[in-house]
Amino acid sequence: MSTQPALAVENVDAAATLTDGKPRRGPARRTRSSGGGGQRPSTRLTLLLVLCSITVLIPLYVTVSMAFKTQAQAVDGNAFSLPAPFSVDGFVTAWNLTDYPRAFILSVLITAGTVAGTVILGAFASFAITRNWNRRLFRWSFFYLLAAMFIPFPVVALPQIQLTGFAGLDNPVGVTILHIMFQLSFSILLFTAFLRSIPAELEESARIDGATTWQTFWQLIFPLLAPMSATVGIFAFLASWNDFMMPSLITSDPSLQTLPVVQSIFQTQFSNNYNVSFASYLMAMAPAIIVFLFTQRWVMEGVTQGAVKG
Amino acid sequence: MPRPSPRRIARTIAAAVALTIAGSTLAGCASASSADTVQFHLSKPEAIPYFRELIQQYNASQSDVNVVLDTSSNLQAGFLRGNPPDLGLLNYNMEMARFMERGALSDLSDMPESERILPEVQDLVDQYATYPGRTSVLPYSVMAASVIYNQEIFDEQGLEVPETWDELIAVCDQLTAAGITPFYGTFRDPWTVAQGWFDYTVGGEVDVAGFYDEMNELGTEVGPQSPVSFEKTFAQPVDRMQQLITDYANPDAASRTYGDGNLAFAEGEAAMYMQGPWALGEIAKTSPDLALGTFPLPMTDDADDLEVRVNIDLAAWIPEASDNQEGARAFLSYLFEQDVMDEYNAAQLGYGTTVDAAPVTDPRILGMKDYYDEAAFYQGASKAIPLTIPTENYTQSIALGDDPAGVLRTLDADWARLALRQ
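Sequences listed follow chains L and Z, in order.
Following our numbering, the numbering of the first sequence begins with 1 at its first residue and continues without gaps.
Following our numbering, the numbering of the second sequence begins with 1001 at its first residue and continues without gaps.
Since the hints were derived computationally from the structure, they do not count as laboratory data.
It is possible that part of the hints are untrue.
To be verified - Cβ-to-Cβ under 8 angstroms is the rule here; a few derived chain L residues that face chain Z:
{"#": "1", "residue": "Ala-72"}
{"#": "2", "residue": "Val-75"}
{"#": "3", "residue": "Asn-78"}
{"#": "4", "residue": "Val-155"}
{"#": "5", "residue": "Leu-158"}
{"#": "6", "residue": "Gly-165"}
{"#": "7", "residue": "Asp-170"}
{"#": "8", "residue": "Ser-248"}
{"#": "9", "residue": "Ser-252"}
{"#": "10", "residue": "Pro-254"}
{"#": "11", "residue": "Gln-257"}
{"#": "12", "residue": "Val-262"}
{"#": "13", "residue": "Ser-264"}
{"#": "14", "residue": "Phe-266"}
{"#": "15", "residue": "Gln-269"}
{"#": "16", "residue": "Ser-271"}
All values reported here derive from a predicted model rather than from experimental measurement.
Where a beta carbon is used, it is the ideal one built from N, C-alpha and C, also for glycine.
All chains, please: the whole structure from these sequences, using the hints.
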């Protein structure tokens, strides 16, 4: 994982090559091998990637330009026109209507809690399960946890609302716990698959040196899990940051709502406030985009990790 | 690449978790501490700035009650959990009526405010559902909707507002001859078909409330043999709706959305538009000075038989489960002070619901005033059908050319099946 090729598609190939030494797919399909920098890029592949990036860039362009339009220009039916006159009214309105800073901080706290909780609990559980695979209790608990993947939240929404109400968890703490819970099964699936590829001898050597289970986990296994933790963390981040339904249903105090929920007031049947809503969406997207810009390298690595191992 | 030591990672993560939990718990305590808080639910975005200011004034004027605006909580979840907002002020429809029907809303009949509500407006609430011995929903604002027309175009063509079906057809023919699209349709949004085209044509001819009384009584017996049914009673108005659409709507109506319609109508692309007052604000975003008027869609040959469509835009209620009904009632009284109500209705183009409400003055909705004052109004026929039945989509398929009789027969069958289930 030391090289960082520029394109994600190549990276999949690179990872496939690196993991077990031989390519998974027929060599004829691969245009370049990892690390080779001198060859000419394929025109067809470039075109395809240009198309792919356009599907992302155009909506992004519309979002940004819409956000800076005046209300009259926002409804004129020309999504692609540049803002004229340039206006930040949308941002001001959105900021005030949603009480942005508070909602933002709550979203950040819930997301941070979810990511940390998912990574730690997922790693704990997977470590215990893979190292005790021959015991029935652990094997079955793995299947039990996996079974949760088949239960979508809307199905259990009503009892969850009542239970959290009884337990005094109808607040962001409850949302965080539920986010972790719903993220756990997929994360355990990823972690266990990765843990199986770590040789048991590595652990045995640590034990011979006198390490306890706790020490083995924190000083040996958890650092080895880092790439997979990144993957799990990214999935948990996206799921938690973008979630609308869970916080909307679980949190009872409206002043503790997250960004996606407070933003929902801009979408009504009867009125279009494109400039305000896009300004608001942009403010909600910004953190994710900024984080991505700085962590691109690990994100790419993490996603391809999941692609091969999952 | 170099990795930070595992202990540091562990410590950082532990700190993050601790911070999160501490932060959320603290926030939870802060908001739960004051017992005399009234959580006021209002989800109409246009109205938020007005009520936010009102709440500030109210909170400053007294020290017993602290009103907190709630624009985002989920009502179903709140009622289920047993901590709904203390006071709700929102659109009243079939979904809200379910809570009332099951006795989740407290009785307000002993409040002096309930005496001031116009009886014919209070009747609108009862058309959905009632709870024995209670008046638990007080209408705050009514939206009257009818055909919006472009006065400039009408003046240029020397047209009068039509009062009978034949006059309407004559107006449409004259507009078509002059190369002007009579009606602008936005059929890509199914709700616009149900709200405008379907409700206006049906309500212009059928006694909507009476029809649904009979339909509810018939229940499972609704069908080809029953004395009233969608297929039988709605046949003529729905046929006429399709006629208006085929002959007089813009040819690209099938691909137009509500937003497109507002823009096109604001730019004078059509003479008439079947929308409610909510569209007037959207049209004004593009053409603030456009002279617009409203008239009820004439569906019969009797010029005295004209009615407008109404809906309860905002209605106030206080849940049984509220732990601060006293405070909620105090704030409700403040909201129902006549000048507070009048100011809201004037700003949102709504009609007042009380006996002493100020008359509407906005020229755009003045055309419906006489009908409203005489209670010549009906609630939309599409709104009296439970959401389980996809009425809006059915009406859309008629607008797009499906056979009306077949669709109405489906509606009858759905109605009977739903009645069997309940």
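Hints, verified against the model:
1. Ala-72: 6 angstroms, holds
2. Val-75: 5 angstroms, holds
3. Asn-78: 10 angstroms, violated
4. Val-155: 15 angstroms, violated
5. Leu-158: Nearest chain Z Cβ about 7 angstroms off; hint holds.
6. Gly-165: 4 angstroms, holds
7. Asp-170: 6 angstroms, holds
8. Ser-248: 5 angstroms, holds
9. Ser-252: 5 angstroms, holds
10. Pro-254: Holds: closest Cβ of chain Z sits about 4 angstroms from L/Pro-254, inside 8 angstroms.
11. Gln-257: 5 angstroms, holds
12. Val-262: Interface hint status for L/Val-262: holds (5 angstroms vs cutoff 8 angstroms).
13. Ser-264: Nearest chain Z Cβ about 7 angstroms off; hint holds.
14. Phe-266: 7 angstroms, holds
15. Gln-269: With Cβ-Cβ at 6 angstroms, under 8 angstroms, it holds.
16. Ser-271: This interface hint holds because 6 angstroms falls under the 8 angstroms limit.
The structure does not agree with the numbered hints 3, 4 stated previously, though it agrees with the rest.
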